[in-house]
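Number of protein chains: 4
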Amino acid sequence: MRKKGANGQESRARLLIVAANEFAKSGYHQTKISTIVSRAGLTQPSFYLYFESKEAIFRELMEKFRSELKSLIEGSRLESGIDEAHVTGRLLGVLTGLFTFLGKDPDLTQIGFFIGDDSVIVKAEMAAMIEQNLKEEQRDGYFDRDSDMHIVAECLVGVIERLTSQQLLTGKRTPEDLARHVVSLFMHGISIYPAK
Amino acid sequence: MRKKGANGQESRARLLIVAANEFAKSGYHQTKISTIVSRAGLTQPSFYLYFESKEAIFRELMEKFRSELKSLIEGSRLESGIDEAHVTGRLLGVLTGLFTFLGKDPDLTQIGFFIGDDSVIVKAEMAAMIEQNLKEEQRDGYFDRDSDMHIVAECLVGVIERLTSQQLLTGKRTPEDLARHVVSLFMHGISIYPAK
Amino acid sequence: MRKKGANGQESRARLLIVAANEFAKSGYHQTKISTIVSRAGLTQPSFYLYFESKEAIFRELMEKFRSELKSLIEGSRLESGIDEAHVTGRLLGVLTGLFTFLGKDPDLTQIGFFIGDDSVIVKAEMAAMIEQNLKEEQRDGYFDRDSDMHIVAECLVGVIERLTSQQLLTGKRTPEDLARHVVSLFMHGISIYPAK
Amino acid sequence: MRKKGANGQESRARLLIVAANEFAKSGYHQTKISTIVSRAGLTQPSFYLYFESKEAIFRELMEKFRSELKSLIEGSRLESGIDEAHVTGRLLGVLTGLFTFLGKDPDLTQIGFFIGDDSVIVKAEMAAMIEQNLKEEQRDGYFDRDSDMHIVAECLVGVIERLTSQQLLTGKRTPEDLARHVVSLFMHGISIYPAK
DNA sequence: TATGAATGAGCCTTCATTCAT
DNA sequence: TATGAATGAAGGCTCATTCAT
Chain Y
0 MRKKGANGQE SRARLLIVAA NEFAKSGYHQ TKISTIVSRA GLTQPSFYLY FESKEAIFRE
60 LMEKFRSELK SLIEGSRLES GIDEAHVTGR LLGVLTGLFT FLGKDPDLTQ IGFFIGDDSV
120 IVKAEMAAMI EQNLKEEQRD GYFDRDSDMH IVAECLVGVI ERLTSQQLLT GKRTPEDLAR
180 HVVSLFMHGI SIYPAK
Chain C
0 MRKKGANGQE SRARLLIVAA NEFAKSGYHQ TKISTIVSRA GLTQPSFYLY FESKEAIFRE
60 LMEKFRSELK SLIEGSRLES GIDEAHVTGR LLGVLTGLFT FLGKDPDLTQ IGFFIGDDSV
120 IVKAEMAAMI EQNLKEEQRD GYFDRDSDMH IVAECLVGVI ERLTSQQLLT GKRTPEDLAR
180 HVVSLFMHGI SIYPAK
Chain W
0 MRKKGANGQE SRARLLIVAA NEFAKSGYHQ TKISTIVSRA GLTQPSFYLY FESKEAIFRE
60 LMEKFRSELK SLIEGSRLES GIDEAHVTGR LLGVLTGLFT FLGKDPDLTQ IGFFIGDDSV
120 IVKAEMAAMI EQNLKEEQRD GYFDRDSDMH IVAECLVGVI ERLTSQQLLT GKRTPEDLAR
180 HVVSLFMHGI SIYPAK
Chain F
0 MRKKGANGQE SRARLLIVAA NEFAKSGYHQ TKISTIVSRA GLTQPSFYLY FESKEAIFRE
60 LMEKFRSELK SLIEGSRLES GIDEAHVTGR LLGVLTGLFT FLGKDPDLTQ IGFFIGDDSV
120 IVKAEMAAMI EQNLKEEQRD GYFDRDSDMH IVAECLVGVI ERLTSQQLLT GKRTPEDLAR
180 HVVSLFMHGI SIYPAK
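Line by line, the protein sequences are chains Y, C, W and F.
Take 0 as the starting number for the first sequence in numbering that gives the first Met the number 0 and just add one per residue.
Take 0 as the starting number for the second sequence in numbering that gives the first Met the number 0 and just add one per residue.
Take 0 as the starting number for the third sequence in numbering that gives the first Met the number 0 and just add one per residue.
Take 0 as the starting number for the fourth sequence in numbering that gives the first Met the number 0 and just add one per residue.
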């Protein structure tokens, strides 16, 4: 009979899962290797069988998040829209996809989007990409010429951040729900009066 | 005999300033008492003359932020508006005041709004208050009945968070500027087409 | 089914060679079993198939050196000389043989003569034997009666040590060359004036 | 009443002494900080009050040895001799001084001359210096033109090494005694017959 | 008011060695 | 004959905190 987990890749996977959970819960420095291995049913030296260091396993998790996010984004590179409905629909699709991704693995999201040092880079890149897209569509006449798209993009990232941590990761709302509200807010605002 | 320039309250104040800066820069756990006292020109035992522990000085800074924020909010409790311009103006005023406050002492803002464990409570309270106000005005007919003010409030907090850290604390935008953009975005969105 | 090229004695031999090289290069404590087995193309448990412990393999190498050295010495036990040329020639022969032996397997020499704890015993024995021989020949009238053969023997060992590590093992000089210089130095010194 | 050793410099000095003794006895890697501090009547963290790391305290001891040795050598730079007695006397003086220095602080000698990685450099420098001096005097006609002074210098270093560790540090012989024997051996050898 | 000196508790990492297959 | 997986035991270093002056 095999000792439980006497399979290398299984142990490694278990360590990754537990580590992600601990990092997500307590942050990088507060997370102790001893806790990780103990929860994974191993002893400390075993950890170093699979990872070079505490930093290395954290980096691996961070990289996983970044590469998955990159895949998602590259997969959603669509052609420019041609009418308002299209533009709205596209934004809705992108946001739904993003929220779905962010909600899929809460621990990894917590790490990649909030805890890791690189999370600020991740979000900066996201903001830059959004800004660029918004500007194109603004140039094409779909958006208000007076809006400062740099700020709008930053706002959108802030909204995504907050809704992710408060609504999505807590299970209060679904990705679709959140996407719909965000699109509605960013397209028309909440005023009942016309702009200007 | 007095040690060189050593007035107790002065030392205490210096410690608070340096500590705020270190906490803001490196976070709670990465900040070392030894660094704080050294930058404040004191030795470690002196620290404990003024503060019970590392946690205590951090809590004091956190409390300072919370109480100042509370003052600000209570001071801006105005009567309900009576027309659209009034509502918009009120929101603009509140946001300008808030950004001004958040930009006044960057280290303290960093701590109270981002680093401290309580920052999530602070922001939750802020969200709750905003939600309540928005709902009142929605009931009074100033805002779109279809908007989910819980989500809108959360979005607003997310936007404030992000703009504070990326635009305000970095000195890229003024409080007034930010407030204007946020109001514009939240009132009318960026679409050129009317809602629905 | 045999593993690729895996004859037991072959593996054992490979381990000995690699171990000798690592011990010689890095010393006992700095040498890691993991390095040895890895360089020998094996895994850690295999090591324990052939050797009881790290200490055991080291001891085996040390013993090999000691026994080979013993053979050499016993083989050179010749009858006492009868004239000066003979005495000189005998010393030359012994030293040449010794340097040849010490230069034959540099890793083993490094271990047995410098690294192992027993190397001090080896050298002490060598010194004692030399002292005894010198004293005999001194009694027979070939050497200066005033020389303290205990010290002379120690000096000779020191010279052998240093020349071995600095000239022989580095390939700068041949055994014959070294032996010749040592004999010359120990027989007549470097002064141009006669003794006394 | 002062706690025993509640004086920083005293504690530091005690650590240095104990450390030197442990390093001399067990070598660098086998020496444990825990042993050092315990023998010095302190706890582990106190060690780091005075030294940056284990390596740092070792380096400090090594440097002490090197700088003292350097002082000794520079102090003994005398003008060239003018006759044989002078040359012999000079060599005798230098060796006596050297052995006296090497016997003064056995632990430090052990470290600087045998244990530290730099000890091989120390001895190489010593050999180079000796070689240079011998060559000068050889050129001036005091020494046999046929002797290879490079080898002679190496031999002298080997002799010093061995006599230091086996006779001097064990207390069996005095510096003067050793110096005399070495001079005698190197000047005239042990043969009763004239050279050639 | 201030500090020189010291420490308890803890964390990351390493290495020789073994178990089960 | 060989190995994938695992561990007991240790060691260096850090940090908030305190004692005695």
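Bear in mind the hints are in silico, worked out from the structure with no lab data behind them.
All residues carry an ideal CB built from backbone N, CA and C; glycine is no exception.
One or more hints might be untrue.
[Claimed, not checked] Part of the chain Y face toward chain C, derived, beta carbon under 8 Å:
(1) LEU15
(2) PHE113
(3) SER146
(4) GLU153
(5) GLY157
Legend entry - Restraint check, 8 Å cut-off on beta carbons, for LEU15/Y near chain C: 23 Å, violated
Inset, instruction - Closer than 8 Å between Cβ atoms is the bar; does PHE113/Y clear it against chain C? Give me holds or violated. - result: At 11 Å from the nearest chain C Cβ, PHE113/Y fails the 8 Å test, so the hint is violated.
Legend entry - Status of the hint placing GLU153/Y at chain C (closest C-beta pair under 8 Å): 6 Å, holds
Inset, instruction - Double-check SER146/Y for me: the hint is only fine if its C-beta lies closer than 8 Å to a C-beta in chain C. - result: Hint on SER146/Y: holds, closest Cβ of chain C at ~5 Å, below 8 Å.
Legend entry - Closest C-beta approach of GLY157/Y to chain C relative to 8 Å, hint status: Cβ of GLY157/Y sits 3 Å from chain C, so the hint holds.
In the structure shown, a violation is registered for the earlier hints numbered 1, 2, in ascending order.
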